[in-house]
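Chain by chain, the residues run as shown.
Number of protein chains: 4
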Amino acid sequence: MQKNAYLCMTKASIIGASGYSGAELLRLLAARSDVRVERLLAGTSAGKRVDELYPEFAGRVDLSFESLDAQNFDGTDVAFVCLPSGEAMQVVPQLLHSVGRVIDLSGDFRLPCAQDYENYYPFKHVAPHLLGTAVYGLPELNKLSIATAQLTANPGCYPTGVILALLPALKNDAISPRGIVINSLSGTSGAGRTASFEMSFTEVHDNVRAYKVGNHQHLPEIQSVLGRATGKDISVSFVPHLVPMNRGIYTTIHADIVAELTENDLYEMYIQYYEQAPFVRIRKQIPQVKDVVRTNYCDIGLTLEKRTNRLIVISVIDNLVKGAAGQAVQNMNIMFGLPEQCGLL
Amino acid sequence: MQKNAYLCMTKASIIGASGYSGAELLRLLAARSDVRVERLLAGTSAGKRVDELYPEFAGRVDLSFESLDAQNFDGTDVAFVCLPSGEAMQVVPQLLHSVGRVIDLSGDFRLPCAQDYENYYPFKHVAPHLLGTAVYGLPELNKLSIATAQLTANPGCYPTGVILALLPALKNDAISPRGIVINSLSGTSGAGRTASFEMSFTEVHDNVRAYKVGNHQHLPEIQSVLGRATGKDISVSFVPHLVPMNRGIYTTIHADIVAELTENDLYEMYIQYYEQAPFVRIRKQIPQVKDVVRTNYCDIGLTLEKRTNRLIVISVIDNLVKGAAGQAVQNMNIMFGLPEQCGLL
Amino acid sequence: MQKNAYLCMTKASIIGASGYSGAELLRLLAARSDVRVERLLAGTSAGKRVDELYPEFAGRVDLSFESLDAQNFDGTDVAFVCLPSGEAMQVVPQLLHSVGRVIDLSGDFRLPCAQDYENYYPFKHVAPHLLGTAVYGLPELNKLSIATAQLTANPGCYPTGVILALLPALKNDAISPRGIVINSLSGTSGAGRTASFEMSFTEVHDNVRAYKVGNHQHLPEIQSVLGRATGKDISVSFVPHLVPMNRGIYTTIHADIVAELTENDLYEMYIQYYEQAPFVRIRKQIPQVKDVVRTNYCDIGLTLEKRTNRLIVISVIDNLVKGAAGQAVQNMNIMFGLPEQCGLL
Amino acid sequence: MQKNAYLCMTKASIIGASGYSGAELLRLLAARSDVRVERLLAGTSAGKRVDELYPEFAGRVDLSFESLDAQNFDGTDVAFVCLPSGEAMQVVPQLLHSVGRVIDLSGDFRLPCAQDYENYYPFKHVAPHLLGTAVYGLPELNKLSIATAQLTANPGCYPTGVILALLPALKNDAISPRGIVINSLSGTSGAGRTASFEMSFTEVHDNVRAYKVGNHQHLPEIQSVLGRATGKDISVSFVPHLVPMNRGIYTTIHADIVAELTENDLYEMYIQYYEQAPFVRIRKQIPQVKDVVRTNYCDIGLTLEKRTNRLIVISVIDNLVKGAAGQAVQNMNIMFGLPEQCGLL
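Residue numbers (the working numbering), protein chains in the order written: chain A, 14 to 358; chain B, 14 to 358; chain C, 14 to 358; chain D, 14 to 358.
Treat the hints with caution; some may be incorrect.
Just so you know, same-sequence chains aren't split out, so a pair can sit in one copy or run between any two.
Claimed, not checked - With a Cα cut of at most 35 Å, we get these calculated DSBU-like pairs of lysine-lysine:
| hint | residue 1 | residue 2 |
| --- | --- | --- |
| 1 | Lys225 | Lys184 |
| 2 | Lys319 | Lys61 |
| 3 | Lys319 | Lys225 |
| 4 | Lys137 | Lys297 |
| 5 | Lys137 | Lys61 |
| 6 | Lys319 | Lys137 |
| 7 | Lys61 | Lys297 |
| 8 | Lys24 | Lys297 |
| 9 | Lys319 | Lys184 |
| 10 | Lys137 | Lys225 |
| 11 | Lys245 | Lys225 |
| 12 | Lys319 | Lys245 |
| 13 | Lys297 | Lys184 |
| 14 | Lys297 | Lys225 |
| 15 | Lys184 | Lys24 |
Think of the hints as simulated: they come from the structure by calculation, not from any bench.
All chains, full assembly: derive it from the sequences and hints.
Right under this line is the structure:
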């Protein structure tokens, strides 16, 4: 490799690299010739080779996990934090000093005020001063701010699908900001790489269950982001469900139409809104999970139910890609002036 | 077997016995000592032994499928019709003559007026004179009428879960009859025993998709049954989804609360409404599909979302049991004066 | 309930009732009118109602789990031990005194000599004096001994399918006892009701893996039972695999033919051998897991591969029924003089 | 695009592009900047856009399917034939004239003599003169011949995993060529993109079944390729099983050891044999399907069972990648002098 090529490279480290999001990030970054993965930090897996945990990387990625205590990030341009919510906020302030630019995949910097954390997360925020400076990393909404952000708060998986599905209609005053009903169906990888009875195969297979009905931690994220983006007082109901598949979030939303519109008007409104968004596809067919699995796309389908005067909008993403690692890479591309789609097609 | 015992037996025949509902019915009836399965009629499978199609019955059920042309039903007390919608109405009038009492599992006699069929089903009704006399076979709603019915229209799988979830709240004026949002998730056996690319394993596995958004044929059934039962002008949105499991329907409903109620009030209201219903369980936990699979139960969970003043009610059934064959047996028990739970626990 | 009826009842207690085998046993016993479940003992679930762990039992089974320390078994006729291997042997000696008749579903009393436990299980046996008196509870092999047994060692799930598939051919000198190759595919419920990363949905779904290649603890059970039953020096290779389904064990066996036989001769040989065995079905079709799921059947299919002069025999069982709880009930029936099939059809 | 760049491009057409192998090929080729997909031919899908059948390609691949009657292949450097066996042989002779270089993914040119087709395939061969000139496209065996081949017969999915697992041991006289036992477990995508009752979700899910026991059409392919490669008289038993997953073939092989070897000797033998093979990984862990899904790797694990003196070798591939489209791309790379791994990492 030439010295020049090396200088052009973006050097990335991943903190909390042993989980599913961390591994997906490694999968995406390892395939690129313009990015180099410098360091992988992990907790209990520290000291192990990457291919011990993820044999798929054997022969392709020659790295080992280091301890989370590692402090030296010389040469790292960007730190991806893939730690659980509540742990990320412990390390992000230090990383902002030692690395400079941080993309945090946890929920720790997505909400605007510390109080929300006490209501929806099981902890008190330890770095509330950063909540005002963190940029919510949804490129379709905040691309300009992301470009110059020091700390990008990568959106939650459910909020990504929900917000992308609602933005055009809300911004264009097509639907009421009140009384929106959101039902989401998630695959299991969103629950992370852990041992738990509830997530065991025998319990999840051939089964469906709703959970955290009315009090999921992504609810304030959805409401606050949509509220700030539209200037409206947003009120949604949100019920997440666990379904037996590995990847994917399928979101079906009902909202009351408040404008004179045809289904085609809505379709055109969405097409136009996302004209510059390479990863949102407005579809004429009803989307399926399989259309977007292992891609960074969010596919959106629209139905205008005349009988009830409601918009039924369906969005689908891969929770580990557009809902986590892929969107983080998209954010990195924007932060470092690289083409937005680089490494994501 | 003693002659007396034989005289006490209910003798049943199944028309369209080779599909999944027919086989489930056979499973339930073959285990009983007070019911005898007389004849099994089927289309392309006529002439085959039952265990050729369903090896699970080998050594237990010694019957063969006969042609659908068979006319002689001497000795049959009740005919279960498991033909597809549109075919059932061709044979039911004749069966009412030759057998006397008919339980039809198709959609052909569930709607009150023939016009609805032209709007939501791909056919014109050929026996509209029977629509007024057929009893909608939801025992929790119509037990007395079922007891004396000649023609019982066994409810659709989606409507069973939906109607049971809404009846108590609507009848008690707890929720608005307008603006109800229903999202249902169904396993694949509901699509029947057929060859289709869309239902192939490779397409359904690791996937979710909504279908017939806003125009499913169970929509008029839901609205008309709830309307007649409550005297209200019901308006619902209904989105069915296909999820990768064999059995089960998971229904999540959002409705606007219109009374001063606590969550516990709602819980007590539902408990009381179903006091006499042996197959409805009001649950304090969020129900899961696995709680009811291969049972005739409908489990219901309730959440009062104070922030939005909405009732979120979740119901779950096994589509082949409470959603089809089990409910048909429950109806047969009622029609023949047998204990309602007989053969279903 | 009349006093007489109560006197005729077999009263059963389950020790280790909160796991999947215990729950399956409860499912089978609770449906019977001639058996009463007296007590359910469990470890960490002690104090909880059965339907807290298994909501399917709500409204049907009104029992709570008691502590494993419970000592009083007055009125219990038979104790089913569903504890993990290594724990069962701690309680069985005491239960033989306090209850009298014990059916142990663990591996602790299946092997003939204590040394085998040190080689294949992670413990030293604490009750080796019982190894000689325990009866191996495979009814198709040992029905007479089971009828009078005090301690019945319920067979392992893999050995049940393997031994039933091989007995007729070995006993009739049709195949060589050496060089037998066994590949088994198991669903996940066999791994028990536990939290483990390896058994999490995300890891098991859309995946297959072999495990314990050449050193599974069921290997000595297979070899010793077949050896004692046939008087031959048995040598098998055994590779278990985990496949993404909840229930079922599919076993494919290759063995060298050593007699002049047609495929039909083999078929007749198996039919005849199992003439008195109500739960073994010799099939002309290739068996599938779904043919036996939630039944106590073992289905067996035979192919004579002329080109290689090998017998390919396939057997399939439900690991929780014929491979555990169902077979335990079958053994109880035999031990208490009840019809062998009672409660199992 | 510069003219020079275009000249350097390999231009490919796919005949039978609408099936799963064709779509996988398109997925692999569309991501490359050095290959251009010229034409996609398909049967019933002719006239449709690619993203109508495969919405995942929306916004990425702007092509439509043309009729299979299309004759003009000017500018196409290589034709991939993804038609079913029996149809491919109808078009390959003509394609050898019009295109020059053909990679056939069907079974039509894998066997050395026409008679084998009459025994194992349901047709008589119509182009037997090409059987002698077709090169069996397993790069790990025939790289030099593939480089100059006009017609490359891409290996079957099962044979790929089987042959790679056995070659080193057979070539080094470590195992007996007789009495080899092969059990393979396949996902469903191998059955193709079709409507069939047997492959419907409800039938495949939560189920396992063996099929074509002893007479699968891949058996003569395995025996003839291994026979020619080693000069030995190979005799194998082969039982394929269908398991509920979309992609992957898991193969477990038992063979008798005939040399003095330790497990480490075997490991080194395999490592050395595949030293130059970038897509074969010899593993110390037992491989899992998930380690290779959506990759072109074949992972191999080895166990020496001392007790029986047998080698147990396990191989795993993705049937659509290394078992079909990926291997076809690997062959194209070799045929056109491109780096073997290009577009496959």
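Requested in this report: Check Lys319 against Lys61 for me: Cα-Cα at most 35 Å, and say if that holds within a copy, between copies, both or neither.
Outcome: Classified as between: cross-chain Cα gap 30 Å, same-chain 58 Å, threshold 35 Å.
Report task. Up to 35 Å between alpha-carbons, please classify Lys319 paired with Lys225: within, between, both or neither. Result -> both (32 Å within a copy, 15 Å between copies)
Query - Identical-chain pair category, Lys319 with Lys137, by Cα at 35 Å - result: Between copies, since 24 Å is at most 35 Å while 46 Å is not.
Query raised in the report: At most 35 Å between C-alpha atoms: does Lys319 with Lys184 qualify within a copy, between copies, both, or neither?
Result: Classified as both; 21 Å inside a copy, 27 Å across copies.
Query raised in the report: Is it within, between, both or neither when you check Lys297 against Lys184 at 35 Å Cα-Cα?
Result: within (21 Å within a copy, 39 Å between copies)
Query raised in the report: Are the CA atoms of Lys24 and Lys297 at most 35 Å apart within a copy, between copies, both, or neither?
Result: Intra 40 Å, inter 32 Å, cutoff 35 Å: inter-copy only.
Query raised in the report: Which holds for Lys61 with Lys297 at a C-alpha limit of 35 Å: within a copy, between copies, both or neither?
Result: between (47 Å within a copy, 15 Å between copies)
Query raised in the report: From the Cα coordinates, with 35 Å as the cut-off, is the pair Lys137 and Lys61 best called within, between, both, or neither?
Result: both (33 Å within a copy, 33 Å between copies)
Query raised in the report: Is it within, between, both or neither when you check Lys137 against Lys225 at 35 Å Cα-Cα?
Result: Answer is within; shortest intra-copy Cα gap is 20 Å, inter-copy 45 Å.
Requested in this report: Up to 35 Å between alpha-carbons, please classify Lys245 paired with Lys225: within, between, both or neither.
Outcome: For Lys245 and Lys225, the Cα distance is within 35 Å both inside one copy (25 Å) and across copies (32 Å).
Query raised in the report: Between copies, within a copy, both or neither: which fits Lys297 and Lys225 at Cα up to 35 Å?
Result: both (32 Å within a copy, 14 Å between copies)
Query raised in the report: Quick one: Lys319 to Lys245, C-alpha cut-off 35 Å, is that within a copy, between copies, both, or neither?
Result: Both ways: Lys319 and Lys245 sit 25 Å apart in one copy and 20 Å across, limit 35 Å.
Figure legend: structure checked against the earlier numbered hints; the only hint not met is number 15.
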